[in-house]
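J.: This is what each chain is made of:
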Amino acid sequence: MFGDLKGLDPTRAQGLEWFQQLLDEMFPGSGAADIRSVPHGSFPLINVGRTDDAVRVYVFAPGLGTSDLEVSIQDSVLTVSGRRQAPDDEATQTRFRQERFHGDFSRAVALPEGLDIDRAEARFHHGVCEIVLPKSEELKPRRIEVQAS
Amino acid sequence: MNEITRRETTTPETADRERRSETLLPAVDIHEGDNAVEIVADMPGVTPDTLCIEVDNGVLSLEGEVSLAMPEGLSPLYAEVRAQRYARRFTLSREIDSEAISARIDNGVVHLTLPRKDSHRRRRIEVQAA
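Just so you know, the protein sequences line up as chains A and B, in that order. To get this note's numbering, take the position in the first sequence, counting from 1, and add 1. For the record, in the second sequence the residue sitting at position 69 is 54 according to this note's numbering, with numbers rising by one throughout.
Hints in this document: simulated from the structure, not taken from any laboratory. These numbers were taken from a predicted model, which means no experiment stands behind them. Careful: at least some of the hints might be erroneous.
Stated by the list, open to error - The list that follows gives simulated cross-link-like pairs (lysine to aspartate or glutamate, EDC-like), each with its CA atoms no further than 20 Å apart:
(1) K102(B) with E39(B)
(2) K141(A) with E57(B)
(3) K136(A) with E57(B)
(4) K102(B) with E23(B)
(5) K141(A) with D54(A)
(6) K141(A) with E114(A)
Whenever a hint applies, use it, and build me the whole structure from the sequences.
T.: Structure below.
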């Protein structure tokens, strides 16, 4: 699973996310340190993984249904956009915290070339949308026979 | 060539411990109504089976494990969610009836209802005509 992903980011101190989130709350808008990093609080969060025969995109979109999320692909760029409704306010006197995102969103990720878009599938499981993009034949790993000379 | 070979130095035990310490802080909304406090938390990927809510000594702990069916041999290309567990704790006020807390999870969104004790509910006081 994605447990070994922390290896991707050598500068990140372990177990200090809460401190990072605190800092981000106190000093919002501090610039992105890494070319691949996203501002904290981006919605939805996206993970991309690869197997031998497909690329899988996981969009963490809690509370959204199939009709709320629009997924499109153009020129190897995957765009997810949609809208998350604001919580309904009836019977609410006081609001202590409002951290969850609501409103319109749109995010794009670049995908590797050579995916077979026509066979792409997307499915929702417990607030996570899994998009499976099969690789086209020429991209799949192939065994090369070693000939004895 | 040595650098290219994969190093398998971490034992399963340390890997397990590391995974335990890696937690995400779920975003929450907290609202108060007339008779209850409402907590709504975003925990995408958590199923009813992997969600764990406990009240101990006036502290409500909300924990959940991301359980996604991922195929074998999935190697990450890019990741923003880098842990598999959510955890967050809340200190409950004495007004809350901890026996009557109810919760449901719906598409990765947890809704917690924390009713007030009867003695702390808002009540209307009749005004008598003199």
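J.: Now look at each hint and say whether the structure bears it out.
T.: Now for the hints, and whether the structure bears them out:
Distance check on the hinted pair: K102(B) and E39(B) sit about 18 Å apart at the alpha-carbon level, within 20 Å; holds. Proximity of K141(A) to E57(B) is assessed by CA-CA distance (about 16 Å); at most 20 Å being required, the pair is judged to hold. The hinted pair formed by K136(A) and E57(B) meets the criterion: a straight-line CA distance of about 16 Å does not exceed 20 Å. Of the pairs offered as hints, the one joining K102(B) and E23(B) holds, with about 14 Å between alpha carbons and a cut-off of 20 Å not exceeded.
A distance of roughly 6 Å separates the Cα atoms of K141(A) and D54(A); the hinted pair therefore holds under the 20 Å criterion. Only pairs whose Cα atoms come within 20 Å are accepted, and K141(A) paired with E114(A) is accepted, the gap being roughly 12 Å.
The structure agrees with every numbered hint stated previously.
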